[in-house]
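Engineer: Generate coordinates for the entire structure from the input sequences, incorporating the hints supplied.
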Amino acid sequence: MIRNITNLIATIVLAYLLSMVLPWWSIMLAAFITSVLIPLKKGLVFFIPFFAIQIYWGAYCYSLSSANDFTLAAKISELLTLGGNPYKLIIATAIIGGIAAGISGVFGKQLSTLFRSE
Amino acid sequence: MKYFKFLLSLVATIGIFYALNTKLGSIPPLGKFLNPTSGIWQNETDESITGELQIPGLKDKVTVHYDAQLIPHVFAKNDHDLYKAQGYLTAKHRLWQIEFQTYAAAGRLSEIVGPSAINYDRGERRRGMGYGADQSVAYMEKFDKETLQFVQDYADGVNAYIDQLTPEQYPVEYKLLDYGPEKWTAKKTALLLMYMTKMLAGYDDDLEYTNVLRQIGKENFDLLFPDFYDITDPVIPKETDWSFIDVPQTEAPENYPVLDTIRKTIDKPNPDNGSNNWAVSGAKSTTGNPILANDPHLGLNLPSIWFVMQLSTPDYNAFGATIPGALGVISGFNQYISWGETNATRDVIDWYKIKFNEDRTKYLHDGQWKDVSVRVEEIKVKGQESYIDSVLYTHHGPVVYDKNFRSTNERAGYAMRWIGHDGGNNQRTFIELNRAKNYDDYVNALQYWNAPAQNFVFASTEGDIALWIQGKFANKWEGQGKFLMDGTDSKTDWQSFIPQKFNAHTKNPKRGFVSSANQHPVDEQYPYYVFNDGYETYRNRVINDFFNSKKQFSVDDFKDLHNNNFNLKASELVPHMLATMDTSTLTEEEKVVLEEMKAWKFNNDLEEVGPSIWRQWWGKLRQLLWDEFINDDMAMAWPYTYQTIHLLKNNGDHAFMDILETTDKKETAKDLFLLSFQKAAKRLIEIKAEKGDYKWVNYKGTYAKHLLQGLPAFSRYNIPIGGDRNIVNATSENHGPSWRMIVEMSSPPTAIGIYPGGQSGNPGSKYYDNFIDDWAAGKYHSLNFLQSDQANDKIIGTQTLTPASND
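If you're matching them up, the sequences are chains X and E in order. First residue of the first sequence? That's 1 in our numbering, and the numbers climb one at a time after it. First residue of the second sequence? That's 1001 in our numbering, and the numbers climb one at a time after it.
Quick caveat, the hints were computed from the structure, so don't treat them as lab data. Yeah, the Cβ is synthetic: ideal placement off N, Cα and C, and Gly gets one too. Any given hint might turn out to be false.
Unchecked claim - As a list, the in silico BS3-like pairs of lysine-lysine whose alpha-carbon atoms are at most 30 Å apart:
1. 1705/E / 88/X
2. 88/X / 1023/E
3. 42/X / 1002/E
4. 1601/E / 41/X
5. 1032/E / 88/X
6. 42/X / 1005/E
7. 88/X / 1766/E
What the hints assert, rightly or not - Far from chain E, by Cβ distances over 10 Å, these chain X residues were calculated:
8. 1
9. 6
10. 27
11. 39
Structural biologist: Put into structure tokens, the structure is as follows:
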């Protein structure tokens, strides 16, 4: 359990730090690194980075958007055919980031499995 | 197994990375686009209007005060800093727009949006937009290094902004289309001015007229497309004395139009592009100060075509609407004068048929084979190889149509002679107007103006009012350039230009006011040949009647006139139709519509149904009447509206009234009125069933659309405003008064203004479209004309631009 929480927090912190110098895929790199350094088990290999980035991106988007009355989020939500609802856009953003991070986490796990058993 | 799992996860990782990092069709790269650190969430912000900004190249400190409308009031210590600041601030609020408009001007949209824009780009290249911009930069390099330096200062300002941007700060449209800004250059300002020239003076129907003339003959052509109507209320008053003009009109050589069939012509600017302006003298003003107004009618776009600024140095203090990408105030005022523009309707584009030699390296002119020059246009296309289009140039200009473009003739082509290609120093006019102090300075500023020809209205605190029709006009022989001309004969060339001092103008006319609304520039007494493709004949009469209706006028009268919804056009035909039409066969439902029409007082107000019925009726009537002009095989122009109504009222038995489809019957105007009314009523009843009603506000549904293919999410729909084309409040669906300004020439002048948009180009800003509701309601914002760099209580934020120590 502690390992899961450690990975979750580490992924968020690392993603945040890497995003200051790297493009959007810094979250994928963060999930990959924590997956190698703090190995997880079974489905959690995907879901811990998935939730970590969901929390990070979702909260970040919400704080930026709410400070500006969700003006742009509502328009982009309409643009991406999400009906003009800014919350749907926040959720969509969080899920997209989560999936990208989750898959990288799985990749990190598979890579370390490959090397560990040799 | 573990290798398989590894490979699978590797493929999935690469796959998701690719999917989220790549623009797929119209879907932006979602990872880049949506991530909160550098995606669109970073654009979810208001503008910063305080603090200190370091700008390389500034000589001195520049103070920028912002008021509640986000209008920057710029106080610089010298001209160079002023234009640098203008470039910087324009980029800060409108970067994507200024770039996009110059891409559009240059025919470079394929670079941003891909192959769907190739046809558009080819049209712009063949129109010679880049060629014209090159010519004007070359002109400035040769004759006016000072103006070129100011244009470069502006470019430096724009680039100072671009240089300090990080990708996460790019405007949202860049993120959507997945590209970034490039450096601004002097040529881009020249391109922007070409874009204006095209928009305002890029319309012509010469080739269409050629088809029409061949189809219907000269007598009918002259009936439907006359040089003058039976009524003329020209820009320059009729009683003007022209005896000072001592250079005669060019004598007509023996010549015949070339009656080719032209299938399809290049895209043209919206024919509704036009404007109103007027000014009353002190004697005709309730306060004793002259009052001036301007409202240019353009496409309603977001971000708006205008950006309002106050631009001042210790030498002058100008305020008004700027055009992002160009220097200075375009329609505005300073401490001494005010000015505004409307489009001067003159034919400044002519067409010549070119005869080539076998390999198209030479063309025939006066019996000699002259060299063709080639401009290779490389159209870069996003995601594809470049498209190369070689455009041939003669001394006339670009051969727009040839075997490679909308024509099949191997050895011939049509060359365009356009004043817009002549290069020139149009930017100088605005720089000079901004610092002008009186009538003489204004006239001096105008001499640099070649194109687009404009009616420049003027008023001063000294009490003068004036209006000059300024442009560089060919001194044409009677009828020159109305149709396609023979390009092998130098006698058809433009022989000379009308000397600038003989351009039509009026200063302090007896009637006490000046006005223009895209109508005839002059009457038949003006000693030069003037002709244009369709003069406005309605707004001008409403405006002039209004100013003839009483002795004195106030700012409130000006506001009323801007918002005047009287439909003179309908009022000149509807009573005649109602009186002559046989209504005995109408159904009960149709009679309801008829009664509604009868009750209409010809005002295009929001809640009326009359304007909708009129629109439908007139539209159907024109279709029936001008069925001779519906032709898929060639480009045709339809007869002028004024002349159409004249014919319907005075010549209802003319052969044109007959509907070609019904061979057994000969229709007259009376029959057309009924048939078109029934068709209109049918459609209106359908609309009522679909949408509940056909009130004008809903029928028209005015909207302001985003510049990028009208993205609905960034556009505004169902704006409640009355009016229509040919009405002083010229607001149709997506077109209308793009900037309304009224200036009273007190000392200092007091002014109000508004436009249908907002100062910010960021769709995420509350300043993006915050003027629209007030604009629609006919309201104005008072323009806070600061007399010194000290902020007053209307200022909500101050920013200081300071020289960056870059060494």
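Engineer: Look at each hint and say if it fits the structure.
Structural biologist: We went through each hint and held it up to the structure:
1. 1705/E / 88/X: Since the Cα atoms of residue 1705/E and residue 88/X sit roughly 25 Å apart, the hinted pair holds (cutoff 30 Å).
2. 88/X / 1023/E: Cα-Cα ~21 Å, so holds.
3. 42/X / 1002/E: Between residue 42/X and residue 1002/E the Cα gap is close to 14 Å, so the pair holds against 30 Å.
4. 1601/E / 41/X: Distance of about 80 Å is beyond 30 Å: violated.
5. 1032/E / 88/X: holds (18 Å)
6. 42/X / 1005/E: OK: residue 42/X and residue 1005/E at ~13 Å, within 30 Å.
7. 88/X / 1766/E: holds (21 Å)
8. 1: Non-interface label stands for residue 1/X: nearest chain E Cβ at 25 Å, farther than 10 Å.
9. 6: Label holds. Min Cβ-Cβ 22 Å, cutoff 10 Å.
10. 27: violated (8 Å)
11. 39: At about 14 Å from chain E, residue 39/X clears the 10 Å cut-off, so the statement holds.
Checked against the numbered hints above, the structure violates hints 4 and 10; every other hint is satisfied.
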